[in-house]
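**Q** Here's the letter readout for the chains.
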Amino acid sequence: MTASQRGSVSPEAGAEETPRRPLGAARPRHGEKVVKGFLALCAALSVGVTIAIVVSLLTPTIGFFREVSVVEFLTGTQWSPGFARGEFGVLPIVVGTLTVVVIALLVAIPIGLLSAIYLAEYAPRRVRAVIKPALEVLEGIPTVAIGLFGLFLLRPLAEQIFPFMNWRGDFSIGVAGVAVGLLIVPLIASVSEDAMRSVPGGLREGAYALGANKMRVSLRVVFPAAISGIVAAVVLAMSRAIGETMIVLLVAGAGNPNLSFDLARGAQTMTAYIGGTATGDIATGTTVYNTIFAVGSLLFLMTLVVNLFAIRLVRRFREVYE
Amino acid sequence: MTTDKDAPISGEMPRNEGTDATAPADPGPDADGGPGTGGAAGTENLDSPLHLRPAELRGGGEVEHRDKVFELRKVSVSYGSHRAVGDVSMDVFQRNITALIGPSGCGKSTLLRCLNRMNDLVPSARVDGEVIYHGENLYGPRVDPVQVRKVIGMVFQKPNPFPKSIYDNVAFGPRTMGIKQNMDDIVEEALRGAALWDEVKDKLTSNGLSLSGGQQQRLCIARAIAVKPEVVLMDEPCSALDPIATLKIEDLIRQLKDEYTIVIVTHNMQQAARVSDMTAFFSVRTSEGKRTGELVEYDDTEKIFSTPADRRTEDYISGRFG
Amino acid sequence: MTTGETQKIREDRPRERRTTERTRLAVAGARAAGQGLYTPRSAKHRVTNTLFSAVLFLGLGTALVALTAIIGWALVEGWPRLDANLFLAGPSTINPEEAGFRTAIIGTVYVIGGVIALIVPLGVGAAIYLEEFADRERWYNRFIELNIQNLAGVPSIVFGILGLAFIVRGLGNFGFVAAAGSMTLALLVLPTVILASREAIRAVPSSVRNGSLALGATLWQTVWRNVLPAAAPGILTGVILGVARAIGEAAPLLLVGAVTFVVYDPSFFEGGYSVLPVQIYNYAKRPQEEFHVMAIAGVLVMLVVLMLINSFAIWLRNRYEKKW
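Residue numbers (our numbering), protein chains in the order written: chain A, 1 to 322; chain B, 1 to 322; chain C, 1 to 324.
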């Protein structure tokens, strides 16, 4: 040990006693770079997908708007693209979609939020340990299943419960809305429950310490504190409802676009139009083919706005609590 | 600083201990710090006021037999625009235990992390000045940070074993270096070196996280020395441990000195006094609301704890500071 | 201070805003609670409290009953057709008694096999890049992140349009084959898998990374040998949930050629194919009652499979959730 290493000033001299390992890389790590490149490519793929979506929507949409004016498309009240003298007013199917969304939210928000508050604030630990995963499992019920349930059970049931309504045919946009509502209940419940639970316990305890009761703490402390997370849950559910296809296709039917606002009758929505028209083979380049993409573009834009709003809310919520 | 108040009393005791432990490995420096002439000064640049060389300050000493591992020349570390620690110049000697002490926020951990380029992992971090390792600039263009970390190991504040078996924890380092043969021997040697072998030899396959805190930290030390580094950096290795585990680690650190150069950051001044040969005291300077760490005094541990040259050191040691 | 430094690596949130927001909430909470203190507590109060919890329970009860009703209904209605033919016989338009889902089940297996083969490397790869390699200061990395979050909310039918334009026709030009279905569904569930994998990777504490890097492991060695094994259960959960979603998805496949009646067993790269949910949809649209029963029996099969898969995924996640 006392043997001097005076030579240590020059790095090459390291070999004299204990050979010192060089500080430069033994060999260039090309593999590392290749891997990083591949990983970056995986991530960039998502951008490619978005671009591909935009391109695949826009190209035929531009073709469509060469034949149909934008104004006619957005303000027309007749939708019959399949006919020889087709009408291309998109409003009826937009209204169909919005009807479904509104009814679905009317069903799902109260049920979902009440469930969330119960699970987050009231449920004993053991109950929660069972119910929360159960809700998550139910979140995975396929839409075809809910659609069949709506068509074969809810629709006849609705006719029995509300016999005074003007039931006609096998389909009903109102029942479709309720079925979509069932679909999004678990989503609203579990996302807003997460939001409420990530409200720091200190806030609750502080309120309890001041003598507030449970209801007051839930409604006046926890709920407002979690509000942006809860709104995000609702907005996410809304996006899901706008884009839902199979349930509306089954329960509201693929045809009959109308502006009648009659919940007891079938009505076409945007997604149902796309799904119903585009099954398999249709002649490329025709106006009808292009209509699918024009409606798709509108759908994409609507969900884009809603999604960006939801993403903002979730970010804000996370900044505050996580 | 919670530990400060005991310092003056216990200062006496640990100093002896420190000297004892030093004796077998390094008979010279601590015992005969006083006599001698300042022969080593010739090659040094003394332009920095903080450039403190212990032996020279006391009128010289046999400095040249202590080989320098690190030579820090006006090293500053900044995070973004904030300078965390500034203008540090000091030498770290081979097979010595060098302690970095000082109040919170004085940048001692930051400085430690730039000795094996761990600060490279913080995107905003920047190191100015020169960190010379055996004559080679650690931040030179041809130096590979990955290679640096193989030669200069690190033990962290909180024990951080990998969530895998004890054996795999120790074998991880050698395996990444491409070593395949005699892994059992390497693991055993490292575990013996970390004074852990007897406690874990019958359960090498159990998860590293199943050990107690002190054992986990010794496992981390075993893991660090399994790659046979030259230097082991320790960032408050005992701060998460109870007193008994702390004593074990301290014993171990003293043993490790036979083979390794150790730089240890500690909040605990008795610990610095008990284990280290050299102590650097850092302080915080506040200007315009920004706190920057600076090196106040660097000297033999004995000197720092008995007759510090700087008033701030004395205040800190005797508990009249922060 | 030292831990603060370690965490700085992963923490770049605006702290200021966080504090003010928290303070605001704390004040609101204290005020609300304070009101409780000064209003006299009456019997009426206790009644509303009890009533409130009853309403909450009712809400949850409705949700659970409605959703489990689907399973119960499928069990009752579909039971009569839950026979061997359902699985072994091909589709038929004439004889519903002897028709089944054979080709659709095989189609689903093919399509889902392709989905798994695609989403595991692509999804995990993207997640690793974003969590471990990407410099968040760079605009393009933030853009990728935002883009993935948005894609997760794009309606499935839009992915069908993408598949039709780019995979079936256009660039890929695969035609209406199972492979096209696989790719379309893979793109659809990829964002979900990426988001879940990122969560799992993020949950691995930075101390594990630091420990590994300090031993001279490269970033990729660290990720491959230490981070990924620790994140594996979480990633697996994400992959399984993604696969489950792909199994139940029908809408995009309507556009990429999952045609109704495939009489012969399908193959991956050529010939028509169908999948279980699309076949169910088509049976449900037929006028005859017998086909409806068969469709419901198909739903029952799908429900059972998906419930099992989802339960496993959620069990897996809950089991490994808190390791540190």
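Mixed in with the good hints, there may be bad ones.
Rough simulated footprint, nothing fancy, chain C against chain A, three-plus residues with beta-carbon under 8 Å [said to hold, decoys possible]: (1) 29-37; (2) 43-51; (3) 102-113.
Keep in mind the hints are simulated off the structure, nothing from the lab.
Glycine included, every Cβ here is placed at the ideal spot set by N, Cα and C.
**Q** Give a verdict on every hint.
**A** Hints versus structure:
1. 29-37: Holds: 5 residues of the region 29-37 of chain A have a Cβ under 8 Å from chain C.
2. 43-51: holds (count 7)
3. 102-113: It holds: at least three residues are needed, and the region 102-113 of chain A offers 4 whose Cβ sits within less than 8 Å of chain C.
Hint compliance for this structure: every hint is met.
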